[in-house]
Amino acid sequence: MKAMVLAAGFGNRLQPLTSILPKPMFPVLGRPLLSHTFDILKSANITDIAVNVHHLPDSIIDYFKKENPSDLNLYFSREEKILGTGGGIKKMESFLEDGPFILINSDIISDINLNKVIDFHKVNNSKLTLVVRQDISPEQYNSIEICEDGRIAHFIGASSMEIPQNTKRVMFTGIQIMEPEILKRIPSGQFCGTTEDIFPQMIEEKIPVFGYLHDGYWKDMGNRESYLEVNADALDKKISLKGISQNELNSSFIIPPVWVGLNCHIADNAKIGPHSVIGPNCKIKSSAIVENSILWEGVTIGAGSTIKNSVIAKNRNIGDEKIINGQSII
23 MKAMVLAAGF GNRLQPLTSI LPKPMFPVLG RPLLSHTFDI LKSANITDIA VNVHHLPDSI
83 IDYFKKENPS DLNLYFSREE KILGTGGGIK KMESFLEDGP FILINSDIIS DINLNKVIDF
143 HKVNNSKLTL VVRQDISPEQ YNSIEICEDG RIAHFIGASS MEIPQNTKRV MFTGIQIMEP
203 EILKRIPSGQ FCGTTEDIFP QMIEEKIPVF GYLHDGYWKD MGNRESYLEV NADALDKKIS
263 LKGISQNELN SSFIIPPVWV GLNCHIADNA KIGPHSVIGP NCKIKSSAIV ENSILWEGVT
323 IGAGSTIKNS VIAKNRNIGD EKIINGQSII
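Once you know that position 308 of the sequence shown is 330 in this note's numbering, the rest is easy, because the numbers rise by one and skip nothing.
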């Protein structure tokens, strides 16, 4: 089975950070978010992967060309203009058309078992299987009504002739399995949304479309708060993520859980943590405090400065005696 990762978006809710780095490249425990997406796919032995790119595409392509993961066959699809989910997969039709494929957003972290989703898709003879989850506020996402047997009955906001009784409202997680004949429904060379334009029509035509209910970990890394939460959850072992090598630090001023990259210089009386991720080659000076924050590579925090609930971008130099709380600094 092949897969496609959707990585072309602008990441507007993460501005100003996404003005210098596309969201799929945001470090999570020292590795790009996109690398963690690849881990999800590799867990199901999926190694032929297409990735669509648009915003700051070279930073994504160049990194993985240099990284050159030997266990993956990566194919990048440059979109000169944003094509949407439907337009993006239509552009890669020749790559995807030989069998069912996984489609996954690049901005999610999850412990989803894709092998179970694939089995569910096959057992139900589904043409489209969306991974869904129950959420206290599903209206924040693409809300869906599913029947007791898992069949999707209605997309909220889409016109429908009939909505069955006894349905349950769930939200779409951005993970799906699609049969290749769906590609024929998508117009070429133009923007096309699937949940808006394609999927509701399939339901009206009584084509088997199912929702696989995931009750494990899932988070959409759409804004600064959720970016901080994902890293904190990984530190708390709520989700198991692979990180790059880190320093082992022992100090009364290190308050776990923390993650500190290689080649960092931290003053003996600087306070780090809890829930702080310090990228490689950072320098944290005397009496500085870094709490519930993420420092990208090469950041310097001046003496006596306090950083809380914030993200500091690569190579940024924060002066002495500064207070930064709830900000993204580039």
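Honestly, the hints are just simulated from the structure, not real lab data.
Watch out, some of these pointers could steer you wrong.
[Stated by the list, open to error] Here are the simulated BS3-like cross-link-like pairs (lysine-lysine), alpha carbons at most 25 angstroms apart as the crow flies:
no. : residue 1 : residue 2
1   : Lys138    : Lys264
2   : Lys138    : Lys330
3   : Lys241    : Lys330
4   : Lys307    : Lys259
5   : Lys113    : Lys87
6   : Lys307    : Lys330
7   : Lys87     : Lys336
Here is what the structure says about each hint:
{"no.": "1", "hint": "Lys138 with Lys264", "result": "22 angstroms, holds"}
{"no.": "2", "hint": "Lys138 with Lys330", "result": "40 angstroms, violated"}
{"no.": "3", "hint": "Lys241 with Lys330", "result": "22 angstroms, holds"}
{"no.": "4", "hint": "Lys307 with Lys259", "result": "29 angstroms, violated"}
{"no.": "5", "hint": "Lys113 with Lys87", "result": "22 angstroms, holds"}
{"no.": "6", "hint": "Lys307 with Lys330", "result": "16 angstroms, holds"}
{"no.": "7", "hint": "Lys87 with Lys336", "result": "21 angstroms, holds"}
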